[in-house]
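Chains S and G, in that order, are what the protein sequence lines are. The numbering of the first sequence is the working numbering, which starts it at 1 and goes up by one. The numbering of the second sequence is the working numbering, which starts it at 1 and goes up by one.
Rather than coming from a laboratory, the hints here were simulated on the basis of the structure. Certain hints may be false.
Because identical chains share one entry, a pair is satisfied inside a single copy or across any pair of copies.
What the hints assert, rightly or not - In silico SDA-like pairs for lysine to any residue, Cα to Cα no more than 25 Å straight-line:
#1 Lys10 / Thr395
#2 Lys10 / Glu208
#3 Lys13 / Ser191
#4 Lys196 / Gly414
#5 Lys196 / Glu304
#6 Lys10 / Arg98
#7 Lys44 / Glu7
#8 Lys196 / Val365
#9 Lys44 / Arg174
#10 Lys196 / Pro313
#11 Lys44 / Leu34
#12 Lys65 / Leu285
#13 Lys384 / Ala516
#14 Lys196 / Pro448
#15 Lys44 / Arg151
#16 Lys384 / Val248
#17 Lys196 / Ala30
The primary structure of each chain is shown beneath.
2 protein chains.
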Amino acid sequence: MTVTVTEPWKPIKWWGWGDPTRHDELAPAAMEMLRSGLGVDGRKSVPVRLEAVRTPPSRLAAPIKQGLLEVVGDNAVRDDQGTRVVHAAGKGYPDLVRMRTGDGEGAPDAVVYPATAIEVWRVLEFCSRQRVAVVPFGGGTSVVGGVEPIRGSCAAVVSLDLARMIAVTNVDERSLTVTLGPGLRGPQAESALAQKGLTLGHFPQSFEYATVGGWVATRSAGQASTGYGRIDDLVSGLRCVTPSGEIVLPPRPGTAAGPDVVELLVGSEGVFGVITEVTLRVRRLPEARHYEGWSFASFDQGAEALRHLEQGPIALDVARLSDEAETQLGAAISGTPAAGACLAILGFEGAPDDVERRRAQASEVVRTAGGTPLGEAPGIAWEKRRFEGPYLRDTLMDHGVMVETLETAAPWSGLMRLYEAVRSAISSTLELRGTPGIVMCHISHLYPDGASLYFSFAARQQPGMELQQWQAVKSAATDAIVGAGGTITHHHAVGRDHAPWLAHEIGPASVEALRAMKARLDPAGIMNPGKLLPPIVGASV
Amino acid sequence: MTVTVTEPWKPIKWWGWGDPTRHDELAPAAMEMLRSGLGVDGRKSVPVRLEAVRTPPSRLAAPIKQGLLEVVGDNAVRDDQGTRVVHAAGKGYPDLVRMRTGDGEGAPDAVVYPATAIEVWRVLEFCSRQRVAVVPFGGGTSVVGGVEPIRGSCAAVVSLDLARMIAVTNVDERSLTVTLGPGLRGPQAESALAQKGLTLGHFPQSFEYATVGGWVATRSAGQASTGYGRIDDLVSGLRCVTPSGEIVLPPRPGTAAGPDVVELLVGSEGVFGVITEVTLRVRRLPEARHYEGWSFASFDQGAEALRHLEQGPIALDVARLSDEAETQLGAAISGTPAAGACLAILGFEGAPDDVERRRAQASEVVRTAGGTPLGEAPGIAWEKRRFEGPYLRDTLMDHGVMVETLETAAPWSGLMRLYEAVRSAISSTLELRGTPGIVMCHISHLYPDGASLYFSFAARQQPGMELQQWQAVKSAATDAIVGAGGTITHHHAVGRDHAPWLAHEIGPASVEALRAMKARLDPAGIMNPGKLLPPIVGASV
Numbered sequence: 001m002t003v004t005v006t007e008p009w010k011p012i013k014w015w016g017w018g019d020p021t022r023h024d025e026l027a028p029a030a031m032e033m034l035r036s037g038l039g040v041d042g043r044k045s046v047p048v049r050l051e052a053v054r055t056p057p058s059r060l061a062a063p064i065k066q067g068l069l070e071v072v073g074d075n076a077v078r079d080d081q082g083t084r085v086v087h088a089a090g091k092g093y094p095d096l097v098r099m100r101t102g103d104g105e106g107a108p109d110a111v112v113y114p115a116t117a118i119e120v121w122r123v124l125e126f127c128s129r130q131r132v133a134v135v136p137f138g139g140g141t142s143v144v145g146g147v148e149p150i151r152g153s154c155a156a157v158v159s160l161d162l163a164r165m166i167a168v169t170n171v172d173e174r175s176l177t178v179t180l181g182p183g184l185r186g187p188q189a190e191s192a193l194a195q196k197g198l199t200l201g202h203f204p205q206s207f208e209y210a211t212v213g214g215w216v217a218t219r220s221a222g223q224a225s226t227g228y229g230r231i232d233d234l235v236s237g238l239r240c241v242t243p244s245g246e247i248v249l250p251p252r253p254g255t256a257a258g259p260d261v262v263e264l265l266v267g268s269e270g271v272f273g274v275i276t277e278v279t280l281r282v283r284r285l286p287e288a289r290h291y292e293g294w295s296f297a298s299f300d301q302g303a304e305a306l307r308h309l310e311q312g313p314i315a316l317d318v319a320r321l322s323d324e325a326e327t328q329l330g331a332a333i334s335g336t337p338a339a340g341a342c343l344a345i346l347g348f349e350g351a352p353d354d355v356e357r358r359r360a361q362a363s364e365v366v367r368t369a370g371g372t373p374l375g376e377a378p379g380i381a382w383e384k385r386r387f388e389g390p391y392l393r394d395t396l397m398d399h400g401v402m403v404e405t406l407e408t409a410a411p412w413s414g415l416m417r418l419y420e421a422v423r424s425a426i427s428s429t430l431e432l433r434g435t436p437g438i439v440m441c442h443i444s445h446l447y448p449d450g451a452s453l454y455f456s457f458a459a460r461q462q463p464g465m466e467l468q469q470w471q472a473v474k475s476a477a478t479d480a481i482v483g484a485g486g487t488i489t490h491h492h493a494v495g496r497d498h499a500p501w502l503a504h505e506i507g508p509a510s511v512e513a514l515r516a517m518k519a520r521l522d523p524a525g526i527m528n529p530g531k532l533l534p535p536i537v538g539a540s541v
Numbered sequence: 001m002t003v004t005v006t007e008p009w010k011p012i013k014w015w016g017w018g019d020p021t022r023h024d025e026l027a028p029a030a031m032e033m034l035r036s037g038l039g040v041d042g043r044k045s046v047p048v049r050l051e052a053v054r055t056p057p058s059r060l061a062a063p064i065k066q067g068l069l070e071v072v073g074d075n076a077v078r079d080d081q082g083t084r085v086v087h088a089a090g091k092g093y094p095d096l097v098r099m100r101t102g103d104g105e106g107a108p109d110a111v112v113y114p115a116t117a118i119e120v121w122r123v124l125e126f127c128s129r130q131r132v133a134v135v136p137f138g139g140g141t142s143v144v145g146g147v148e149p150i151r152g153s154c155a156a157v158v159s160l161d162l163a164r165m166i167a168v169t170n171v172d173e174r175s176l177t178v179t180l181g182p183g184l185r186g187p188q189a190e191s192a193l194a195q196k197g198l199t200l201g202h203f204p205q206s207f208e209y210a211t212v213g214g215w216v217a218t219r220s221a222g223q224a225s226t227g228y229g230r231i232d233d234l235v236s237g238l239r240c241v242t243p244s245g246e247i248v249l250p251p252r253p254g255t256a257a258g259p260d261v262v263e264l265l266v267g268s269e270g271v272f273g274v275i276t277e278v279t280l281r282v283r284r285l286p287e288a289r290h291y292e293g294w295s296f297a298s299f300d301q302g303a304e305a306l307r308h309l310e311q312g313p314i315a316l317d318v319a320r321l322s323d324e325a326e327t328q329l330g331a332a333i334s335g336t337p338a339a340g341a342c343l344a345i346l347g348f349e350g351a352p353d354d355v356e357r358r359r360a361q362a363s364e365v366v367r368t369a370g371g372t373p374l375g376e377a378p379g380i381a382w383e384k385r386r387f388e389g390p391y392l393r394d395t396l397m398d399h400g401v402m403v404e405t406l407e408t409a410a411p412w413s414g415l416m417r418l419y420e421a422v423r424s425a426i427s428s429t430l431e432l433r434g435t436p437g438i439v440m441c442h443i444s445h446l447y448p449d450g451a452s453l454y455f456s457f458a459a460r461q462q463p464g465m466e467l468q469q470w471q472a473v474k475s476a477a478t479d480a481i482v483g484a485g486g487t488i489t490h491h492h493a494v495g496r497d498h499a500p501w502l503a504h505e506i507g508p509a510s511v512e513a514l515r516a517m518k519a520r521l522d523p524a525g526i527m528n529p530g531k532l533l534p535p536i537v538g539a540s541v
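Please model the complete structure; the sequences and the hints are all you need to start from.
This is the structure we're talking about:
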């Protein structure tokens, strides 16, 4: 059974986040905080105009462009300035720094829009022969450089935009699975599923623009993944077109048939091939949703309460806990005094009686663990602003503020050590550079054996040295994560930015195993060069 | 923190299952069923004596044996008849057919017992240089030929018995994880964990003899995996020694760092390397356990009830549903009439009030779906006999009965079609060979998107053609599984027996990717030849 996608595709700012016509202003109180807290001078910078972005001439030779046109048809190979600039970078802080100043040097030579898996296959075959690098592009929302059009050793590079591949098929209401095209954005997927009373329950902060294919390729997690599961838990089958052939993995509830090839392709970030459809486990739309606030005397106390909840029989769907700094800043921004040192949001979704039972049982556990109930208001406020972070980043960057996030996860027994190590690495690096900043953190996902930590930090930009400043903090934080036993990424993926640390995460022999598989599936080395796998020392990449 | 293993290691019959001194007899009523139902003639065969087993001379040259002795020490390289015979085969039906008649042609040239990961590494390094095949051996309970000592293109083959690697370390009561050595058998692991009030909750039918390393290497599931999760859900980290180096994957609650290398090594069946330790998610020992029986008018009605339960908010720990044939035979064996067409067992474990709540909620759902409650008696009877299947197989083989099991899984929407296809393939193959048999099935594991099917069948052996008879049924059943969209194995793994169908399961490009990974990690091709990966047509294996 097939469902028609009705939600329209929406444009996104090429230099930032969201609707290109939306412009937010900071409240005077927030502006004052930036002045006094970070030392920004109040001047405002605006991004250059699109026409002023410097893009190199396309390196795509005319016969190659013609060959691509023959595969995907007229209008599906574009190399105009606007299209190239939109595909020149993802949405990480360093990407936006470059784009705002008009640095479009990284733009792809063209953008190709296949409509079917067969067209994808023919594009990869053609590009393998012609040695044209191919960068799969979903929503373009990567914050780790995952969609950066790097040529590698190829003659040219094209972005492969999957926006036309948005079929919703095989709606299996008995098995609660559905097959989705990779180009479907979050709202398109959810509104199509809602027509059948279903939901995927996957709501990353990038939900409005990120795509199904991107979620799977980057092993993403959403704000309700504590309850609904990470995207890797939701994938039951997929199809992936590689330059050496298509891999078809039909939906399977469970299997013992060797290494899990689904789990090899989930998180593969386009370096083996292009995910052309995914079968995902869905649920019936919850009848009731309840989000509520709790306060704790300390981050550690709150974390212990969440640990007790997650290790017991009471299932939570949403669980977040802000540290002191994040709780204070949140209160300041909303103009209401913080009710306690650390704010937690707990969320329950499902049948009304089940939601009420779990809520009541959780309340008992949380009270015993020292929590103070704050009622529904903080939960409603959180839900309302759950996708707002990246909009605020644009406004802060207008005012000369570096603002970035990074995330990790660790077993419960090492979580607070990891928290202190990363916070201290970020703070001290910023201080050493003469730009002391604000470092905040929240727990965003719970597991029986551990939790994630999501850090946000802000500091005055070092004019002309924005990228070096960012790299210094990023490197210090990632070194601290690795040193304290955290994972280099909990849900942002590896991309370009974390690739140098992959061998720390999985060991050199695993990296070699992945390289060997890539060489077999992508012998010409055209698939998303420079991502995921660390550069080979001494090799020209 | 470390826990001492107190549970003693127990010997197992070299020609069958369990304690070598145990011998069961069939009840007269059961014997009569075999006569009338399968046409067996009542004669009894006994296995040959150990001394009469035909084993070829060891091909291990003296300098190679000496080299291995230098790595693992005196007494840890054995090539006596008893040791070689115990390691000559797993516990599948064709293995036992061969062993009972004294066919020890497949015995390894020697058995090596490393004590540490470093010794494993040195053995692999030495064997790579000397081109000696290495077959990792845990409990030796594979029913798919996973431990068969195949030389491949090597000069000799050794079994690598991990019985000395039984450390229980890093007991992390905050994160609820523990690190286990690969050689720990089920009772050894559970009794060590119980000292800390913990349980892994992993109870395959082979529990008494199977090992932790074997579970992970074969991606196993246990009888309570509906609630506790499959072994793949329980692994949070592991170490694997490959001929190209050690892969160390520290425990991680969740990560987005690329393809999941843990999931490439879980289920890798020793073809890349040897799993030398595993960090597993554990739970607190349940205070209460409740198993109860239900009857349904048909297999389909029962399956629908289980689907409703599993897709709703009520968590089950154990869920099994026998079809009409299995229900009838079970009643006949126990001497009590069947209470209905199809018997189901539902199990709940945890805190007493939580068990009671879930039991009561589940009862409502099951009654509405047409189930009739049978109380605790069938649950208690099931629990008592939960590990008995393989003992009964020995007794049936004594009486000239072929008895075998095989398992698959599929989405709910295709489950009954798969059930009929496999049942019909087994029945008609047996009939065509003039040995009509009994075919039974139960659902053993539930997932929101599907379930497993576990088939058992029995027929009169064709004397002198036992292996051909078995292969004919196995091939027909597996072809039917593939044709009806099932997985080739839900929890027995691929091994030797399912390898020819792997490309049907994951596609030829995936097989090539796994081959490339193997070539990089095991360049000399010494690791468990002939398992998991299908033979290359035209190549000498």
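Structure-based check of each hint:
no. : hint            : result
1   : Lys10 / Thr395  : within (21 Å within a copy, 69 Å between copies)
2   : Lys10 / Glu208  : within (9 Å within a copy, 59 Å between copies)
3   : Lys13 / Ser191  : within (23 Å within a copy, 60 Å between copies)
4   : Lys196 / Gly414 : between (43 Å within a copy, 20 Å between copies)
5   : Lys196 / Glu304 : between (39 Å within a copy, 20 Å between copies)
6   : Lys10 / Arg98   : within (23 Å within a copy, 67 Å between copies)
7   : Lys44 / Glu7    : neither (35 Å within a copy, 72 Å between copies)
8   : Lys196 / Val365 : between (36 Å within a copy, 23 Å between copies)
9   : Lys44 / Arg174  : neither (55 Å within a copy, 48 Å between copies)
10  : Lys196 / Pro313 : between (30 Å within a copy, 20 Å between copies)
11  : Lys44 / Leu34   : within (12 Å within a copy, 89 Å between copies)
12  : Lys65 / Leu285  : neither (45 Å within a copy, 64 Å between copies)
13  : Lys384 / Ala516 : neither (46 Å within a copy, 49 Å between copies)
14  : Lys196 / Pro448 : between (32 Å within a copy, 17 Å between copies)
15  : Lys44 / Arg151  : neither (35 Å within a copy, 73 Å between copies)
16  : Lys384 / Val248 : neither (39 Å within a copy, 42 Å between copies)
17  : Lys196 / Ala30  : neither (43 Å within a copy, 52 Å between copies)
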